[in-house]
Each structure stands twice: as structure tokens, then as C-alpha cells.
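J.: Sequence:
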Amino acid sequence: MTGLRPAGPRDAVGNAECGSSFDSPYSAGGLFVNLRTYEGCGADFVAADAAKSGCALYAHHAWRKAPRADAAATEAKAAPTTLGVGVDGGFEAEDAKYDVVKTRSLAVVRDGAVTLVPLPDDAVPDFNFEVWSAKPVLLSGADANRENAWALADEELKESKYAASLVQLSPAEGGRSEPLSPDAASWRCEESGAAENLWLNLSTGYVGGGRDQSAWGGPKGSNGALHHFEATGKKYPLVVKLGTISATGAELYSYAADEDGPVLDAKLAAHLKFWGINALSLEKTEKTTAELEVDANAKFEWSAIAEAGAKLEPLAGVGLLGLVNLGNSCYLNSVAHLLASVPVWNSNLQPDFNVRICDSFDASSSAKDDHLAQCAKLVGALRSRRYAKPAGALRGPDDAPALLGEADATRAEAGKVAPRAFRRLFGLGHAEFATPRQQDAAEYLLHVLDKVEYGPYDPLRAKPTQQLFAFAVEEKTVCGQSGLARYGTSSHLALEVPVPRDLVPEPPAESELKRAKLEGEPPREKPKVALDACLARWAADETIGDFLSSATGARGAATRTARLKTCPRYLLLKVNRYYVSQTWEAKKMDVLVDVPRTLDLSFLRAPAERPSGEGLLPDDDEGPAAAAPAALVPDEAILAQLLSMGFDENGCKRACVATKNAGAEAATEWVFSHMGDPDFALPLDAAPAAGGDAVDPAAVEQLSAMGFTARQAEGALKACDGSTERAADWIFSHMDDLDGAVEAALAAPAGGAPAPPAPGADDMDDGDAVYELKGLVSHIGANTACGHYVAHLRDADGNFVIFDDEKVAKSENPPLMLGYVYLYARK
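The numbering of the sequence shown is the UniProt record's numbering, which starts it at 1 and goes up by one.
Hint data in this document are derived by calculation from the structure and do not stem from the laboratory.
Honestly, I wouldn't trust all of these hints.
Taking lysine to aspartate or glutamate and the DMTMM-like style, the derived pairs with C-alpha atoms no more than 20 Å apart in a straight line are [unchecked claim]:
no.	residue 1	residue 2
1	Lys235	Glu190
2	Lys587	Asp260
3	Lys416	Glu406
4	Lys158	Asp70
5	Lys827	Asp532
6	Lys235	Glu196
Owing to the predicted nature of the structure, the values given are computational and were not obtained by experimental measurement.
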């Protein structure tokens, strides 16, 4: 017992899941919890953990699910009205049909052998008996699950600080000129004229539209209420949703920056009466935002999303395991399934590989903090039989959950794979991926590949993971003044092709759609564009209007073309349907893209030999342009258009330079994607010199806000070539001796310890340009930040299987024309 201590409130106790696998207390071997480090271990990892930690004592959990005697007689409950599971008014928890039988033991691990001592036992010292008493210490510490998961349940509403002293304006003070009409049919948004999703400002009496929720099945909105709040100097933050007012209350929202969410108002009845509204006489006619979210969850059920409600045959087995949705994690699940389907990668990341990784860790290291170990944990689970569901647990979208026997119920619970630790680790230090919001699956896919590549332990280093997908693009620029050419090569992990907007007709106005529906006209067919047209647009000549010629030293026109210098073993193809509308909103083109199952990219190959007699532009330090400024100057016309939209001037200049003055639309898209960057508003000449010792002050401030010292931030940034994201990861991976690692990084020559270089064209796995479609990730929703993602993957027989979070089934009609990211394999 020497050296053991009770778990404190800040200890993350791994009593729910193994750090290196998805074994849980329901697994066949149970779960072992190290009584010194409090890390959870499955049966396959406990011997190695004991050797590493020097601790032979473990708490052992073995749980079983037994059906309750009254489970079969449970009556159906009313439809849910609360966004939560197992709460009053929420979704019924399936676990309510079962009792959990928990067996606890003290495990002694010596020389790889495990001895279990059932508890309580008179021979076990008092300390351990207290561990397994009514309030076990292992359950009183901070459960690691709480750190990794975001709960899907209503937040407890609090009284708004602005409610008690709410100012309500008379007509003379700028308030509403007359009481609100009691006729709800007459209510309109004062900005757009819309008749739904209306909110009343309790201070001014203004009626405006709410936020647009149509992307996930809710009502449309004009944001008129928010615009009014901003137009009145952000003085009057409280709004109430018309249509939710009744004698029992109403939905109230505060736009104030320090609240910005649903709130309560104890004086709501009096505040409504000021505007002529008698809450006691009204009935609720609209759904609250939470109820709309519940509806959206229901609409995102299998039958609505997966292939137009087709009744699909559920599947189970190796490579047919679903993933638990942690709340807006369908993007992660789809990406994980896509990567796990790559044979070369998943064969290297099987469970025995993870055992070898964990054997390499010292006492201060852990699998939960290693990116490659977490990939191996997830991929190993997806490609093994260990977590396969029993046949009795398989069901289609319209089938009620079956009441399982004890063995099958326990096995089904053990087979739930929830990638919480993966999500936590790969989101660490990232401004977006660290949040519970929906994310862009394509961006996350590249982020995962980047993180795995820079992991501290990578036995695939001889042939890095990225080389499976990496390819080189040759860019040829021809100077219009001299006729001379310049060639450049860049490395990419995904081929991003645009859908040409000029080939897609504008969607009809809403009024036209309503008229057609009223007159019984058949629904219009979606426009269709061939993938070849998208590829041709990617390969088309690009005109540069402000090219600085190194031959003449003057600026003039030039053309740039791109071709594939190499073709990867696996091709990630991203079809970009997204654009910025005339109202500067992110939109998605409602268009089908005809994607072939066999793709020949030979026509995009760069010529093996350059044209004879072709002259080359001199290097910048050789020609007349050597004395000219090396930096690209922002186009004044494009800059003026961006500034007229209200964006920061320095940010607009950065957008022009980053897009090489390609046009206002491209620059605007860049602004929307990078306006959150720390250096967005910094002057162009404020960036640190490449390869020098200077680091970006904004990046230092960003890391300091995470609790690190300025010196630690500077050392991490220098070690990671200025990358804030990788610097945060670097700090966490050197916590055992952070100060020493920081001093070593700062003392190193400029650039520190360089990251593994991106593979050059000569190092890439180049081959034939003919590919076969292996899978795709498709997106449902108005833009990539909302909606739902599902994956369709081909099995060994060439048939498609749909992966929709936990549901896996044989696909009858894969949405090949609606994909977002496609995975092709070289034939």
C-alpha cells in the first residue's frame, strides 16, 4: 500500500475506458484502474502498465447488464420535448430497461499474471476497503469522461442581470408607437416582413426575425432582432419569442455579450403588459428553440438522412462497427471511417501495434496524449471483431430496440465505441476543433493527417503516413511581357476542385417555388455537372493582372496553369460546392456532380518534358526585378471592394496578397476563413522573418492565454516554426520537463528542431493516374459548419456500406453525386 493515495478532485480517473483501447468495465476482461496513476487499462495492456508504473495494485471493474423484470411491460412514453436523454420530458434512456450488476475486485499484477481478490475481503487493508465502499474513491475523483464529452441536455437557465432594471421606452423616447396587436396573424418582422420566428424587444417594442435555423429543419430568420439590437447601440438586449408566450412563461433571450443565450425574467408578465400583451390570454403557438432542436434530432434519424428513408439491412462484423455520436461529432466519425478503410494504413494500426507503442512510453508518457496511439486505438477497434455487436442488437431504422439477454446486452454495451479521447487530443489547442461545434470534415481530415505526421512516435517514418495521399502539383507561370516561363512545385494532400458557378443556374426565388407548389407543378430537377467540368476548371489558365516580371522588372499580365506532377497511391478529392453569396453569406450550391467510379486523371498530368526552346524567367535575384520589392502589392480595386464591406484594412491587404489578387470573391472567401487568425489585423510587414529567431507576438499572447508563460510560448513556437497549433501540442508533450525543453529550443539555431519536411516530388509514391472509387463522405446541410455527415464505403465485394454514426447498413443507393470528399485508390 506504500505510495498509494486517495484520488483527489483534480485527478482524472480512467474508470470508464482503457487509454489504449476501447475496453470498458463491460468488456470480457473488465477494466483495471492503476491505484497510483488512476489510468484505466484493458486486459491486454495491464501487464505493460504495471511494468511501466511500478504499481502492482489495480482496482478491477467488471459490469454486466441484466434485463429488469418489468422491462417488457414498460409503456411507451410521450414524445420528447426536452433536449436531453434520461431527463424529464426528454428521450427515454434505453438503459432504463436494464440493471447494471457491478463486481469490484482488487487486482494484483505480478510478472504479467493477474490475481483478483473479490471485495470486500477481511484480508484487504482498510484503505482498499474504503476504495470499494458506498462512495468509492475511484468514482469520487473527476471522471475523465466529463472532460472528454459534451452533454446533450438543456442548460439550467438563470435570471438575466438586465431584467430587474429593464428600461422600456415610450413612443417619445423611441419606443413602439402603439401596443402590439393581439392578432398574432398580423405580426411581421419590421425588417423583412416575415411572419415566423419573430422576437419582441422588451425595451423598444421592435419586432424582428430571429436567427436562421432552416439549415437543420427549423424556421427561417432574418436576424432582424439582432440587427435592431446592434443598431440601437447594444443597449437593449432582452427579446422574447412571440408565439411561445403563454401563462406558463415564454422563451427569452439576451443578446448581451456577457450572457448571449437563453435567460429568465421574473417580471416577464409586467414587461409584456407594457406592450399590451396579456400573457394569461395567450396560448403557445410556436416551438421554442430547444424544441426545434429536438425536432431536428428526430429529422436526422436514420430514415430521413440515410438514402431517403430506405429500409436498409443492418450489418456487423470486421470493419462494420459504428461510432457513437458525442454531439456534433459526425464529421469526426465519417473521417475516421474513411481513413480506417485505407488498407495500408489500417494494417499498420492494428491492436498489437498499439501495444508496441505503449511499450515504448516511459513512466511520464501516456497513450491518451499520443496522436498515433489514439489513431491506432480507434482504427484497431474499427477493424477488429473485439467490439462487434451481437446479432440480437442489430436493428433497422424502424425497428424498436430489442430486449436483450444478459450476455448480449453486456456485449452490446462493451461494443459501444465513443472516440472521446481522440476528439479531445486532436482538438487540443485548435480554435475550432477544440469546441463542440460542427466542423468541416475535409479540414478535419487534413488536420488529423498533419497531427499524426508530427507525432513523437511514428514507426512509419521511413514512409510517412502522408505519403499515402501526398502528391505534387506543378505550376507554370508565363510572363505576358517577355513570353518566358517559370515552374514551381507544391505539395498537397487533397485535390480540391470547384464546381463552376457559371454552369449552375441560380435557384428560383422562394415565391416562385411556392407558386409552383400551389399549382401542382412537379419539383424541378437538380442541375447536374460532370466532374470532368470541375477538373477542367481547376486546370484552366488563370490570368494574373499584376505579375512582377523578373525579366523586365515591370508589372504586367501573366497566365498560370496547374498540372499534376505526381499521382498518389490514394487520392482525396474534395468537391467544393460552397461559395459566398451576394449578401456575403456562406452558401452551398444545390447541384449534383456526376462522379465516375473509375477516374482517369491522365489528362491532368504535367508533361514529362518541357517545350523545346522555351525560355525561363530568371530568378528574382538575377533579373532587373531584383531591386524591386519582393512582396506582392494588393490590388487597389479589390482592396476598395473589401474595405467597402467593413473589413479591417490590414486583413483585406492580407487577403489580396494571399489570393494573389485573384479577385474580390476569392479575397472575400479568404477573409471569412481567416478573420479569426491572430495576425489577421497586423500589418503585412509585421510578420516575423522566415527562419529567424523572432516569433509572432500574437501567437505568444494566444499561448499565454492558455496558462503558459511567455518564455514557454516563445520556445514552443520556435521549436515548431511559428505554428501556434503545433506549439500547444509541443508544450503538452514536454510537460515532464517543460522548462528544460524550452531552454533547449531557445538555445538551438534559428528554426530549432525542424519538423519532418513535407515529402518532395521525388520522394512521393508516384504511379498510374487511373483510380477506382473506394468511398465518400457526404454532407447534408446549408454549409459545412452545420448539418450532418455520413460515410459510404465499398466492401471487399465492391458493394457500398453506409456508416451513419452507430448505424451501419448495406447501401442500396449511395449518393455518389452528392459527395463532399471522395477517396480513390490507384488501380
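J.: Would you mind marking each hint as holding or not holding in the structure?
T.: Here's how the hints hold up against the structure:
At roughly 19 Å between alpha-carbon atoms, lysine 235 and glutamate 190 fall within 20 Å of each other, so this suggested pair holds. For a cut-off of 20 Å, the pair hint linking lysine 587 to aspartate 260 is broken: about 25 Å separates their Cα positions. A hinted pair counts as satisfied when its Cα atoms are at most 20 Å apart, and lysine 416 with glutamate 406 qualifies at roughly 16 Å. Between lysine 158 and aspartate 70 the CA atoms are separated by roughly 38 Å; this puts the pair beyond 20 Å, and the hint is violated.
Between lysine 827 and aspartate 532 the CA atoms are separated by roughly 19 Å; this keeps the pair inside 20 Å, and the hint holds. Proximity of lysine 235 to glutamate 196 is assessed by CA-CA distance (about 25 Å); at most 20 Å being required, the pair is judged violated.
In the structure shown, a violation is registered for the earlier hints numbered 2, 4 and 6, in ascending order.
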